[in-house]
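**Student:** Given the sequences, and given the hints that come with them, work out the whole structure.
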Amino acid sequence: MDFNTCESPDSQNTFGEGSIPYIINLRQEVLNNTHFFATRWTTRTIQFAHMSVPVGVETGLDVYYNSTLFLYIEQGEALVIMGFCEECLDIQTHVYAGHAIIIPAGTWNNVVNTGNSDLKMYAIYSPALHSYNVVFRTKEEWTFHNGS
Numbered sequence: 001m002d003f004n005t006c007e008s009p010d011s012q013n014t015f016g017e018g019s020i021p022y023i024i025n026l027r028q029e030v031l032n033n034t035h036f037f038a039t040r041w042t043t044r045t046i047q048f049a050h051m052s053v054p055v056g057v058e059t060g061l062d063v064y065y066n067s068t069l070f071l072y073i074e075q076g077e078a079l080v081i082m083g084f085c086e087e088c089l090d091i092q093t094h095v096y097a098g099h100a101i102i103i104p105a106g107t108w109n110n111v112v113n114t115g116n117s118d119l120k121m122y123a124i125y126s127p128a129l130h131s132y133n134v135v136f137r138t139k140e141e142w143t144f145h146n147g148s
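Per full-length UniProt numbering, the sequence shown starts with residue 1, numbered consecutively.
Since the hints were made in silico from the structure, they are not lab data.
Ideal placement from N, C-alpha and C gives every residue a C-beta, glycine not left out.
Keep in mind that the hints are not guaranteed to be accurate.
So the derived label-pair ranges between C-beta atoms look like this [what the hints assert, rightly or not]:
1) 21 with 127: 34 to 44 Å
2) 114 with 34: 34 to 44 Å
3) 90 with 25: 35 to 45 Å
4) 23 with 90: 16 to 26 Å
5) 21 with 91: 32 to 42 Å
6) 29 with 87: 30 to 40 Å
7) 55 with 141: 10 to 20 Å
**Tutor:** Below, the structure written as structure tokens:
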């Protein structure tokens with residue numbers, strides 16, 4: 001179910017680029033990304049996106065009930081906050097380039113850029129959560145679209 005449109009990501013019977021293999025220089029693509037959030041490859045069962053979170057900005061407290069999220073930090077440092085309810089965010093740890101974060105479905109989470117440069121990371125959702133080729137240039141666009 002698409003978090004943004006409340007429809008299946010493939011409801012129009014299109015998987016975007018997910019119907020063909022996807023080969024990239026992952027590190028270079030993530031480091032060159034300037035969008036807060038952008039999906040890059042989508043199928044019904046998995047989705048790849050990348051993020052660029054400005055200094056002092058957070059992704060925003062959120063929970064995905066039907067998707068597990070994998071995040072990989074390519075550049076920067078952050079505070080990861082997680083918990084099993086909105087009021088019990090008792091998992092907190094600092095992460096840096098080279099760290100991965102696995103957020104099981106149903107886990108509340110937030111990532112706060114605590115470094116001196118943009119936090120560059122990629123995300124893998126399983127199953128897919130967002131529409132193919134969705135782009136939010138800024139945190140404000142992301143927040144407005146998601147109603148946060």
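**Student:** Please list, smallest to largest, the hint numbers that this structure does not respect.
**Tutor:** 1, 2, 4
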